[in-house]
Amino acid sequence: MHPVQKNVLLSTGNGTPRISLSRPSGDRLLVSLSGDWTLSRELPSTQDVEQSIRSSEAPQKLVFDSQDLGAWESGLLTFLLKIRELCDREQIPLEDDGLPPGVRRLLALATAVPERKGARKEKRREGFFTTVGSSAIAFWESFQEMLAFIGEAAVAMGRLLTGRARFQRSDFLKLLQQCGAEALPIVSLISMLVGLILAFVGAVQLRMFGAQIYVASLVGIAMVRVMGAIMTGVIVAGRTGASFAAELGTMQVSEEIDALKTLGIPPMEFLVLPRMLALMLMMPLLCLYADLMGILGGLIVGVLMLDLNVMEYFQKTRESVTMVFLWIGLFHGAVFGVLVALSGCLRGIQCGRSASAVGQATTSAVVTSIVSIIVATAIITVVCDVLNI
Amino acid sequence: MEQKPLQQVQPHIVVQNLTMAFGSFVLQRDLNFTVNRGDVFIIMGGSGCGKSTLLRHMVGLQSPAAGRILYDGTLSFWDAEAEARDRIMRRIGILYQSGALWSSMTLSENIALPLREYTALREEEIREICALKLALVGLSGFEDYYPSEISGGMKKRAGLARAMALDPDILFLDEPSAGLDPISSRLLDDLILELRSSLGSTLVVVTHELASIFTIGNNSVFIDADARTMIAQGDPKVLLAESRNPTVHNFLTRGGGGT
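Residue numbers (the working numbering), protein chains in the order written: chain A, 4 to 392; chain B, 104 to 362.
One chain only, chain A, in its complex shape:
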């Protein structure tokens, strides 16, 4: 054997993977591999091979010796692939006879299927105007989709009224329970606290004028007319709207919605309609309940902090809260129910086909619901003002 010219090593010791280069004859470069080439060890780089190939007296052929090679894993393969690439570039033939048979077969396997043309994705940066333009188009398209969805929902509603809509009664009843009765605990807690907070804030100011009793009017009107509905709407958006989007989104991912479509059952009637109906019916009831809880919260502050009499508080509330306020509040509730159901179902149906798409659909359902609740409140308030009610 010819003497080893050079040792490329990281540290000496048993099992350390290293390569040594030698020239057994003038035109051949022998790469000897030794040690354990496992992922837990630092592997030698291909730099020295590269230098020797590119040197003035470049070899005509590259051969391997793996007699001292211990255990090996993927690291050895990536190393050899790099050398092979190098040889291909410099047009030096590579003989892999000296490698263990397993390595040779894996190398053959790794190069067996060439890269498909055009498969690799090219990263390109888009210009500012392209980005703005395409997001504007995307926005317009999503707006159109939303309009189409609302239109289809209205048509489905029409079919329901003429008794031709198809959905299962049992689904509908289960939904009623899910978005109605099961929401009561959280609605109680939140509305009572909101009533309490309103009363607190009002009490501090009203006490200065000795007008504590008007806390009852403040809390009563605020809760019944709008706050009860808004708080319930936000709770339902987070609770039920998100669950609609996640459920329909997952159904989209697992092709359940496609299965309905191909069976000739419109998902709009079978899935969206019962959800919309359930929320439309349950939201006003939840609102009514939230109003009551809010007034109760106000009463607690009134009695404990302002020394008001319970009957007195009750009387004042009855005096100031008229039936008109109650109807306006319930109307808010029904509108919010439709909005939350529509946004939840819309985002669910639009969902892509992956787990992360379900997450996006849920987020976007909650955001859409809350934004539309606030916008709807503003519109209803302005309309009421114009109509003097």
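Hint data in this document are derived by calculation from the structure and do not stem from the laboratory.
Bear in mind the structure is a predicted one, so any value in this text is a computation, not a measurement.
Worth double-checking, as some hints may not be accurate.
Calculated lysine-lysine pairs in the DSSO-like style (CA-CA distance at most 27 angstroms, straight line) [said to hold, decoys possible]:
# : chain 1 : residue 1 : chain 2 : residue 2
1 : A       : Lys-85    : A       : Lys-64
2 : B       : Lys-258   : A       : Lys-124
3 : A       : Lys-264   : B       : Lys-258
4 : A       : Lys-319   : A       : Lys-264
On the chain A side, residues computed to face chain B include the following (Cβ under 7 angstroms) [as the list claims (entries may be wrong)]:
#  : residue
5  : Gln-70
6  : Leu-72
7  : Gly-73
8  : Ser-77
9  : Leu-80
10 : Thr-81
11 : Gly-105
12 : Leu-112
13 : Arg-119
14 : Arg-123
15 : Lys-124
16 : Glu-125
17 : Arg-356
18 : Ala-358
19 : Ser-359
Glycine included, each C-beta is placed from N, C-alpha and C at the ideal position.
Dock chain B against chain A, hints included.
Relative to the frame of chain A, chain B by itself:
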């Protein structure tokens, strides 16, 4: 046929008196078998007999109602400390039925995750290994694709690439060829055999595809839904020739074996 080099047979996984149950419903009881190092071990049986559940028990996703699973012939998985369990889990690779690629990551990120978590490799090396693993399963150039952008068969192969990320001792494959066309499934079988003979890993394969069973398997266990236990074990080709059990015989001859 591939002949194993003459070497001592070493038990790699030993299943002892395993009982699998969901609550009070017993799915399978008294399973006893040994997977030897370098085996291609087939778990077979009809639909719903608990093949995939058995696999889940072997890889540590579900704890047995009774019995033990020994790794390397001695270390009992479910009695071991959490740390020892983690070490075992790191040495195994699993291909799930539908690939189970993480959908929010690209294919190369899917393969890189175990490498980033469990090795001290540099980003550059991780990238090279990802490219290598994808090349081994014939997916060169698809590094930056998301799982939702590729076909079902490609997802399976990418799942196999991820299962091999850490160069595991044992590869568990859950229905590797289900849902693939005959040619792709044949190619996948070839790929699996090639990988086994060059890497020397042990393979545990759940399948009911007869073609695969006879092509790749050299040892097997047959579990039955009615008997609620295993009714045969051994080389599938030998079982086909010698098994007297009508259920096993029917299964291996697609119900066409007559007697």
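Evaluation of the provided hints:
| no. | hint | in the structure |
| --- | --- | --- |
| 1 | Lys-85(A) - Lys-64(A) | 16 angstroms, holds |
| 2 | Lys-258(B) - Lys-124(A) | 17 angstroms, holds |
| 3 | Lys-264(A) - Lys-258(B) | 26 angstroms, holds |
| 4 | Lys-319(A) - Lys-264(A) | 56 angstroms, violated |
| 5 | Gln-70 | 18 angstroms, violated |
| 6 | Leu-72 | 14 angstroms, violated |
| 7 | Gly-73 | 13 angstroms, violated |
| 8 | Ser-77 | 5 angstroms, holds |
| 9 | Leu-80 | 5 angstroms, holds |
| 10 | Thr-81 | 4 angstroms, holds |
| 11 | Gly-105 | 4 angstroms, holds |
| 12 | Leu-112 | 5 angstroms, holds |
| 13 | Arg-119 | 6 angstroms, holds |
| 14 | Arg-123 | 4 angstroms, holds |
| 15 | Lys-124 | 4 angstroms, holds |
| 16 | Glu-125 | 9 angstroms, violated |
| 17 | Arg-356 | 5 angstroms, holds |
| 18 | Ala-358 | 5 angstroms, holds |
| 19 | Ser-359 | 4 angstroms, holds |
In this structure, the earlier hints numbered 4, 5, 6, 7 and 16 are contradicted, and the remaining ones agree with it.
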